[in-house]
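Engineer: So you can see what is in the structure, the chains are spelled out below.
There are 2 protein chains.
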Amino acid sequence: MIDLLLLGNGGMQPLPNRWLSSLLVRVDGSLVLFDCGEGTQIPMKQFKWGFRRLAAICLTHHHADHVAGLPGILHSVANAGRTEPLRIFGPPDTGRIVAGLRVIAPDLPYAVEVVELGEDEQFDLPSGLRGRVRFGEHTLPSLAYRVDLPRARRFDARRATELGIPQDLWGPLQHDGQVEWAGRLATGEDVLGPERRGVSFALVTDTRPVPSLVPLIDGVDLLVCEATYSNDDKLEKAHRWGHMSYRESAELARDGHVRQLWLTHFGSGNPDPEADLPNATNVFPDTIAGYSGLTTSLRFGD
Amino acid sequence: MIDLLLLGNGGMQPLPNRWLSSLLVRVDGSLVLFDCGEGTQIPMKQFKWGFRRLAAICLTHHHADHVAGLPGILHSVANAGRTEPLRIFGPPDTGRIVAGLRVIAPDLPYAVEVVELGEDEQFDLPSGLRGRVRFGEHTLPSLAYRVDLPRARRFDARRATELGIPQDLWGPLQHDGQVEWAGRLATGEDVLGPERRGVSFALVTDTRPVPSLVPLIDGVDLLVCEATYSNDDKLEKAHRWGHMSYRESAELARDGHVRQLWLTHFGSGNPDPEADLPNATNVFPDTIAGYSGLTTSLRFGD
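Keeping their order, the protein sequence lines are chains E and G.
Residues in the first sequence are numbered from 1 upward in steps of one, following my numbering.
Residues in the second sequence are numbered from 1 upward in steps of one, following my numbering.
Keep in mind that the hints were calculated from the coordinates and are not lab data.
A few of these clues could be false.
The list treats identical chains as one, so a pair stands whether inside a single copy or across any two.
Derived lysine-lysine pairs resembling DSS-like cross-links, with alpha carbons at most 30 Å apart [said to hold, decoys possible]:
no., residue 1, residue 2
1, LYS237, LYS45
2, LYS234, LYS48
3, LYS237, LYS48
4, LYS45, LYS234
Excised from the complex, chain E in its bound form (with noise of 0.2 Å):
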């Protein structure tokens, strides 16, 4: 299971009344946190997920209002007594962004290790969690992020029994992959179901929605994508700033066969994400308007 937490919906600057759009995913006791504009760790005090177990940082891109909160996480993760190292994913030239802004935050109790990413990436995220990113087309170099959990295959009992697998031997063949036993061997293949469908989300933000995100994205169960404008009356400015209006969300949404939408990012212009909800809901029906606090939990199915 993947719980989110959409900690902020705001896009360009903090604004009273709507932070900086953020997303916090909880799984199997590890924290994982998705963009960090300025403000990010007040809503993440306040939905008290915690601080200690964040255990990585995922940076779309390098505008302030996606990381200028950094080093206040930084320290509240340090005050909630975490000494493990916590890692921070980013596009490159994320290690001397990272190393800039730790200018007020230098000395804390565990290590930060940053990695960069490149085009098509796949890397390990904490508590089996998968990553992949893909670039988007902004004005700076953005990080589309995909996040699977895969589910295991069951093991099958009734067969390990025929086989003759003996039962001290079950856990690590599941563990190794494979076992001997007088003589001879079983593989996982042997006693394992087949392939089950585990969750997935992917976060798109400060992107046109270019054609490469589609297999990215495809068949998610939550796809948290930004919708700068309400109306295609700003197209001409979603262009210009690499931004995309609801209905391009909707549609990024439609061609890669997603589950959910969280539209997310809305620009400070458009006091009231709600009321232009159609123009998303007429394209992609099951779409939400985000706000702090949005949550949900990815379960495995049956």
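Chain G: place on chain E using the hints.
Structural biologist: For chain G alone, coordinates are given in the frame of chain E:
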């Protein structure tokens, strides 16, 4: 006249419903900001004193809760259309700190000039304000600021007439300090009234109440002073971390013969800053527990 606005009253970390301690000052069309922790631009937007005229930022020290909001402020000033230079004052090493944080605010339509201040240094602020600093005692080098707005001496028109100074030279005389006409000389001393009291304030935060601060704040109209701990039962912490209790702050105000005291920089363990206010008012009656939006104007008397 100097207008002052307390943007926030919190110390250490930004909290839901409590902005970090920061003071905005307006005089004759210019703005000066004292400290800018994470989120400071949000109340600054809320109270609508604007961003474009922000001519100077004075940093007391380099802890994140006093400086992490700098990139956001710089962006908001840019978005508001400023093109004139903005000057940042602070203790030694401010240049390195500003350079670090500017990794996410590299391109601005105005110049950012850093001025590092030393013990007892006096310096010019916009619109005729005069600043002076002394170091406090904290876990990092920390500056206490005093700011004076001198009042011009009155021009004595009757005396100027008696001296036969042509009226079209009165302006140049006030501007240049002396004029010559028909082989005669007049100086400002000939036509200016007695010295007149100006207005002044001081900001003292993140320091122990060391005696060297008393002459710095002497007689100011308003002292904005940290009071991290409401009760003296936290005095051991106050000593260890370089802060003050309500009582200590009030004693500093009393010893400095200031006219009014605003307490600020309340610790996160102090949910209701007014509750323990008697700990201060018992020592210095004219004390206010600062809150976001607290404002006053320091006016020249008659």
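Engineer: For every hint, state whether the structure bears it out.
Structural biologist: Comparing the hints with the structure gives:
1. LYS237 <-> LYS45: between (34 Å within a copy, 24 Å between copies)
2. LYS234 <-> LYS48: This pair counts as between: shortest inter-copy Cα distance 26 Å, intra-copy 37 Å.
3. LYS237 <-> LYS48: between (37 Å within a copy, 26 Å between copies)
4. LYS45 <-> LYS234: So LYS45 and LYS234 pass the 30 Å test across copies only (24 Å; inside, 35 Å).
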